[in-house]
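Those protein sequence lines, which keep their order, are chains A and B. Following the UniProt record's numbering, the numbering of the first sequence begins with 1 at its first residue and continues without gaps. Following the UniProt record's numbering, the numbering of the second sequence begins with 1 at its first residue and continues without gaps.
No wet-lab data here; the hints were simulated from the structure. Being a predicted model, the structure only gives us computed values, none of them experimental. Errors might be hidden in some of the hints.
[Unchecked claim] DSSO-like cross-link-like pairs, simulated, lysine-lysine; straight-line CA separation at most 27 Å: (1) A:394 with B:106; (2) B:332 with B:106; (3) A:112 with A:154; (4) B:250 with A:394; (5) A:106 with B:106; (6) B:154 with B:112; (7) A:106 with B:394; (8) A:106 with A:394.
2 protein chains.
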Amino acid sequence: MAAAGLRPEAGSPQWAPAERDPAAAARPADGEDAPVRPLCKPRGICSRAYFLVLMVLVHLYLGNVLALLLFVHYSDGGGGPAAPRRAPGPPPAPAPAPLARLEGIKVGHEQKVQLVADRDHLVRTLSLKPLLFEVPGFLREEECRLIVHLAQMKGLQPSQLLPTEEFEEAMGAMQLHPLDLFRLLDRNHDGRLQLGEVLAQTRLGSGRWMTPETVQEMYAAMKADPDGDGVLSLQEFAAMDLRDVRTFMKRHRAESGELVRNSHHTWLYQGEGAHHVMRSIRQRVLRLTRLPAEVVELSEPMQVVRYGEGGHYHAHVDSGPVYPETICSHTKLVTNESVPFETSCRYVTVLFYLNNVTGGGETVFPVADNRTYDETSLVQDGVDLRDTRRHCDKGNLRVTPQQGTAVFWYNYLPDGQGWVGDVDEYSLHGGCVVTRGTKWIANNWINVDPSRARQALYQQEMARLAREGAADAQPEWALDRAYGDARVEL
Amino acid sequence: MAAAGLRPEAGSPQWAPAERDPAAAARPADGEDAPVRPLCKPRGICSRAYFLVLMVLVHLYLGNVLALLLFVHYSDGGGGPAAPRRAPGPPPAPAPAPLARLEGIKVGHEQKVQLVADRDHLVRTLSLKPLLFEVPGFLREEECRLIVHLAQMKGLQPSQLLPTEEFEEAMGAMQLHPLDLFRLLDRNHDGRLQLGEVLAQTRLGSGRWMTPETVQEMYAAMKADPDGDGVLSLQEFAAMDLRDVRTFMKRHRAESGELVRNSHHTWLYQGEGAHHVMRSIRQRVLRLTRLPAEVVELSEPMQVVRYGEGGHYHAHVDSGPVYPETICSHTKLVTNESVPFETSCRYVTVLFYLNNVTGGGETVFPVADNRTYDETSLVQDGVDLRDTRRHCDKGNLRVTPQQGTAVFWYNYLPDGQGWVGDVDEYSLHGGCVVTRGTKWIANNWINVDPSRARQALYQQEMARLAREGAADAQPEWALDRAYGDARVEL
C-alpha cells in the first residue's frame, strides 16, 4: 500500500501517471493540476540521492506521496493554513494591482455584461461557494463547431493512461514505514483506517478510481481484513505485505471506465497570431473576468476535451494547495528557487460547452454552497460524492451542457488584500458520465501566482522579453512545447 | 383571524404592538425594524378615510397586514425581487462613494485591525451567509460596566407590551375577505393551510409567539379543525368566525415568556458631546466597518438591552424588505413622498456583549451558511427553528456571550454597484432564553438608505443644517426625541 500513490486531500488535483511516452504523460489535463513535482524532501523520508535515481519515472508518483506528507504537515499544526504560505520571495518588482473578482450577491442573481459589440450577456450566479457563474450564449454555435474542428485537426490524445509496469516496478523500490503511512492515512486519529480514509486518498489508486468495493476486494485478496468490516487496525495494516498490493493491481488492469478520468484532449493556441475566433474568445474572457490583460494573455492555451459515451471525470479541484514549498508552473521560469512542489495555479476556470449532450455529461459540484466542507464526509455510508459514474445525482449542483454556454468559477479564495489566497475546497467538480452521445467542452484557465511579487516579476520579465523580441517573449506554452517535453526536464 | 396581525415573511422585523402610552409603543426595539407604517393603501383593501379613523391605534397593525400584502405582491410575480425596487427618486445629489464591505474569505478566517491606538484586534469570520464577524475584546471590562451603568441611570423600559383591549377592539372592526387572507397565507398554493404556514406569519399572534401547540389549541377552542390534523382547508378556514379568534386571544393573556420578545431596553446618545467612552465606541465602529464617517455619525444611538432570567428574543431580521414603496426612518425627513412603508434600514448590526451570562443567552443564527434559504422549512415537523426558548440547540450557529466581545454582520446583501441591495434573509437571528442570571447587550446599527440618491440627499441636508447651526443639525434621534413621540405623528 505504501507504494501505491498518495494524494494530499480529497479535491486536490488528480495526476497523470507516467507512461511510455513521457511527453504525453507530462501534459496537465482538463481540470487537473500540473502534477506535483518534488525537488527536495520535506521530512527526510527519502534521500536526495535516492531521488535522482528514480526521478524520471517516479517524480509524479513521489509528488503524490510528498503532497500527502506536506498536506498532513500543514493540517496537523506544522504551521497550519494560517502560517505564512508563500515561497521565499523573489527580488521585489512593482506590486500588481488588485485582482478583480465578480460579486456573486446571491444564488440566482443576474448581472448584465458587454462582452461583444453587438449584444449584452447575462451572468447568472450559480453558487457562492465556489463563486460560480453561468453565461448563456458566450459562444455562438459556429464558434463551437470551429473549436471542435480545430481540435480534431490537431488531434486529441488520451487524458489519462495507466502507469506502466516499469513505473510500478520503480514504485516497488520505495518503502515508507508502515507506521508513518498509517498515521498519514488515519485522518480522524482514531487508530483505525476506515474505508472513507483510504478512499479519500485517491492517489493510492495510481490513477485507478477506487470504490468501496475495489478496496474491499483488495483487502480480501490480501487477507488484510480478517473480520471483513472494512476497517483496518494498525496491526492489520502493518501485517500487509505492500508488494501484494502491486501484485493485486497488476492482476486487475483497470478499464478506462475505472480510471479517474476517461476522455481525450488537446490544446489550442490563443496568443497573438492565433485564429481570430480564438483571439476573440480570449478577449471575451478578459472582459468577463475583468482581470488584467497581461494576466490573461500569459495564461494557458485553450484545452479542448472530448468525452465519448461512457466518458467521465471524477470530482477534483483544478489547482493545487498553496504551501510555502509551492511554485507555479507558469512563473517558475523567473524563479531560481529549488522548491518541492509545482502546481498550475489556476485562479479561474472558464468552461465552455461546445455541444448539447444527448445523455448525461453534466458538470457536478458535489459540495457547492455546503454549510461546511469536510473531506471525510465526502465518502459516507458507501456513497462517494466524488464518484461521477455513480453519484452525480447526489451532488449539490449540476450544470447540464448547453451549447455555447460558459460557466466560470474561482479556484482560489481571495486573500483579503486583493490577491489570491487559499484554494477553495468547495470548487470540487467533475464530469458526470456521458450515457449517450459525445460531449465536447473546452477550458480556459487563468493563471495567477499566489505570490504577488513573483507574478509581478514574471510579468515584468515577459514584457522585457517581448520588447527585446526574444523567442521566449511568449510563455512556454505559447510555443506549443510546454505540453510536449517540458515536464520531464527535472 | 383576519384581524389578528399579519407579517410579511419569516425573519422579517417583529413589531412592537400599540399600547396605552403611544410614546413607548413607538420605539423600535433591539433587532427590531421600526414598525412598518402605512400612509396609503396598496391594494384597495382599506380606504384612506377608514385609515384616518383608526390611525393612532391601528397603524402598527395595519402595517403588518400591508406588509404581508406587499410581500405577497412582490413574491408572486407582481414585479418580483428582480423588478426595480427603489422608491421614486428624490432630486439628484452627488452619489456617495461605494460602501466598504469587509471580506469574509471563509469561516474561521482572521484579519487584524487597528481600532485603538494601543493594540490590535482580531476580526474572525463566523459565517458568510450572513457575512458575520466576531471581535474579542472590542470593549474593555470597565467600558461594559459603564454602559450598563449609564443605561440603568437613564432607566430601561419593556421592549414589548401586549396590545391593549382598545387596540384589539379596533382590529375587530377591520375585515379582510377570508378568501384573500387564505390566499395570502397559503404560501405553497396547495389549497390548504399547514401549521407551518400559519406559524410563519408570526404577526398573526399580535406580539404573542405562536407555537404549534397554541395554534392547535385555538383551532380546538374554535372547532376550526374538526379532523384535528392541524391543516385547514379553505372551507374550514372560511367557516371560522374571526371574532372568536379575538375572544380566544383575550381569554389567554400571554405571559412575558410567550411574547416574541422579553427584555428591557433604553437608548444612549453617541453624538457630539456624548460621554467620551460612547464617542470612542462610535469611532471604533467607524474603523471596524470602514464606512464613511457621515454615515456612522448619522446612525441610531446605542441601544442597551437587559434580558432577565427567562428573557429571550425569538429569531428575526433587523431590517425590513426593500420594496419600491419603502422609505427609511432615518432619511424620511428629506423626502416629500407619501409611501406606505417605513423601515429602519439597518445596513450593519454591531452587537456588544456587556457581561458573561451564567446560563443561556447565546445569540443564535438558525440558518447561517445554510445552502438554501426556505422560509417554510424554518418550521418543520413541529420544530420552529426561530423559537429561541425551545430550539436554539438546533440552530446552525450560536455565539456565547463573552464580556467585551462584539459581533457584527450585514443585514443587506450588496447590490453589485457598491451599495445596499436586498435584505439578507440568512441574517435571521435571535437571543436564546437566559436560563440563569442576567444578560446585558448593546446594539449599534448603521443606517443606510437602499436608495443611494436619497442617502446622498439626506447627508447633504444634514450637513447644510449643521453649517447653518440649526437645532435640526443632528438627526432626530440625536435630540433624544425620535424614540419619544416621533412615531405617532402621521
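Tell me the numbers of any earlier hints that the structure contravenes, in ascending order. 2, 3, 4, 6
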